[in-house]
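2 protein chains.
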Amino acid sequence: MLIIGEKINTVRKNIALAVEKRDVETIQKEAINQVKAGVDVLDVNVGSPLKEAENMRWAIKVIQEVVNIPLCIDSPSPETIKAGFQVCKDKRRTWANSITLQKKRMEGVLPLVKKYNCPLIALCMDDKGIPSSAEKRVEVARRLIKVVSDFGIFLDNLYIDCLIEPISVGQGKAQQTLATIRMMKNTFPQIKTVVCLSGVSFGLPGRGLINRTFLPLLIEAGVDAIFLDPLDEAIMATFKAANALLNKDESCLKYISAHREGKLKV
Amino acid sequence: MLIIGEKINTVRKNIALAVEKRDVETIQKEAINQVKAGVDVLDVNVGSPLKEAENMRWAIKVIQEVVNIPLCIDSPSPETIKAGFQVCKDKRRTWANSITLQKKRMEGVLPLVKKYNCPLIALCMDDKGIPSSAEKRVEVARRLIKVVSDFGIFLDNLYIDCLIEPISVGQGKAQQTLATIRMMKNTFPQIKTVVCLSGVSFGLPGRGLINRTFLPLLIEAGVDAIFLDPLDEAIMATFKAANALLNKDESCLKYISAHREGKLKV
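Keeping their order, the protein sequence lines are chains A and B. Under my numbering, the first residue of the first sequence is numbered 59, with each subsequent residue one higher. Under my numbering, the first residue of the second sequence is numbered 59, with each subsequent residue one higher.
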């Protein structure tokens, strides 16, 4: 399972300020720290529509100066995603994040994904918003998959965001995501699944505890990639323990060596 | 899901010593602390065959003086279980722990369970030891259930121990237990399941981390009761978070109030 570092996002005030002020050091430090913490992919979200494409080009350039892992260009705007790709050194391993069933987003992003044969994230929602059941999400995914596939994109590159909602807003929200992941993997074995972990705890105290308790459940359900905060040591320790428990760490060797190196918050 | 406090067990040196020396205060403190931490049932295991029945009678008596929750008389010896029941104030809610397919254990314990209509734990193993797959464990359970049922015992009272083995001894051990719980609940909807959590981390460093990472997975798989260390605050916090995530805590009210009372190690 891949970890996508979520911290370069202008919903965080210090990142918004750093992007605004072209503060290279802050952005680069955020990138370096997440890579050190062990992420596989770095998400880059530079927020507001105003100057978003320009901001994205700047951010991608400065991040690439200091780290060498795949970046994930995160925007609802196809123009911003294109702008990010323009300056990406290795376009083939850059993620396009994201499309929905919306025509404008599809038409803007799919040609680029096809050209570079790169990973693509598609949100499992339609005009009516987030479908209320696993079955309905799978039906939305079926429509997404058809468009993407008809466009000539390899389904191996498609990550369906199965959508995590806060457990504070309604009964059974977390279980709905787990059911969606399982049903999605069963129904479409070729595609991959992704979720953004931290949304589950929105509106509750002790968010880190809720997030890390959800993590092993998502891994067991079969999710392929997770957006999370890799600087949360307790979450990363839980990730290693979950891999040991779920047979994703042969003979628990990675777990044991992380413990030996003092990297596990136990 | 019920929590069974595991700490009054003579595998722990201080408990062995306290039982040996008839140290009432130590045993009572272990009982009180676990009840305060929120267990539903208290396990009592007084170890070595020598004087085991006498030790059990003593332990049950002193524990009952200070707490008023169901006790779980834990011994491979039917004589010790009978001795514990003799002095139990409320035999109907006392647990008999445990039987296997072994005739002597069955014959010694079943009459008592039938008489008091009380909970019974049966280990899902036969003469050959622990079955290697979920399917084989379910087959052993089928034989256990037949004997127990033929004896006239209500199956609602039967807790099948689905057996946790250390992940350090072989690949896929934790997943095998999860698969066993799921298959057991599907195959025999009337019976209940139980596991001893801490065995999963035997032989590894950072055992608490492994144990608490496994806990939400067991709850999601549908286990009905778990033996664990209720004085491990991180485990109990994970338990509350898992209940909030898995729709076992309406509107997350218990989680929120535990957080407000400073009871969550977050």
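Check before you lean on any hint, since a few could be wrong.
Identical chains blur together in the list; that is why a pair holds if it fits in one copy or across any two.
Unchecked claim - DSS-like cross-link-like pairs, simulated, lysine-lysine; straight-line CA separation at most 30 Å:
no., residue 1, residue 2
1, K231, K321
2, K321, K161
3, K243, K231
4, K161, K312
5, K87, K231
6, K161, K172
7, K323, K71
8, K161, K109
9, K312, K231
10, K186, K109
11, K79, K306
Hint data in this document are derived by calculation from the structure and do not stem from the laboratory.
Here's how the hints hold up against the structure:
With identical chains, the CA atoms of K231 and K321 are at most 30 Å apart between copies only, with a shortest distance of 25 Å across copies and 32 Å within one. Taking the shortest alpha-carbon separations for K321 and K161, neither the intra-copy value of 45 Å nor the inter-copy value of 49 Å comes in at or below 30 Å. Taking the shortest Cα distances, K243 and K231 sit within 30 Å of each other both inside one copy (19 Å) and across copies (23 Å). For a Cα distance limit of 30 Å, the shortest separation of K161 from K312 qualifies neither inside one copy, at 44 Å, nor across copies, at 44 Å.
When the C-alpha separation of K87 and K231 is checked against a cutoff of 30 Å, the pair qualifies neither within a copy, at 35 Å, nor between copies, at 40 Å. For a Cα distance limit of 30 Å, the shortest separation of K161 from K172 inside one copy, 16 Å, qualifies, whereas the shortest one across copies, 67 Å, does not. For the homomeric pair K323 and K71, the shortest alpha-carbon distances inside one copy (27 Å) and between copies (27 Å) are both at most 30 Å. Taking CA atoms no more than 30 Å apart as the test, K161 paired with K109 passes inside one copy only; the shortest distance there is 23 Å, against 78 Å between copies.
When the C-alpha separation of K312 and K231 is checked against a cutoff of 30 Å, the pair qualifies only between copies, where the shortest distance is 17 Å, while the shortest distance within a copy is 32 Å. In this assembly of identical chains, the alpha carbons of K186 and K109 lie at most 30 Å apart only when taken from the same copy (29 Å versus 70 Å across copies). Taking the shortest alpha-carbon separations for K79 and K306, neither the intra-copy value of 42 Å nor the inter-copy value of 47 Å comes in at or below 30 Å.
Comparing the model with each earlier hint shows violations of hints 2, 4, 5, 11; every other hint is respected.
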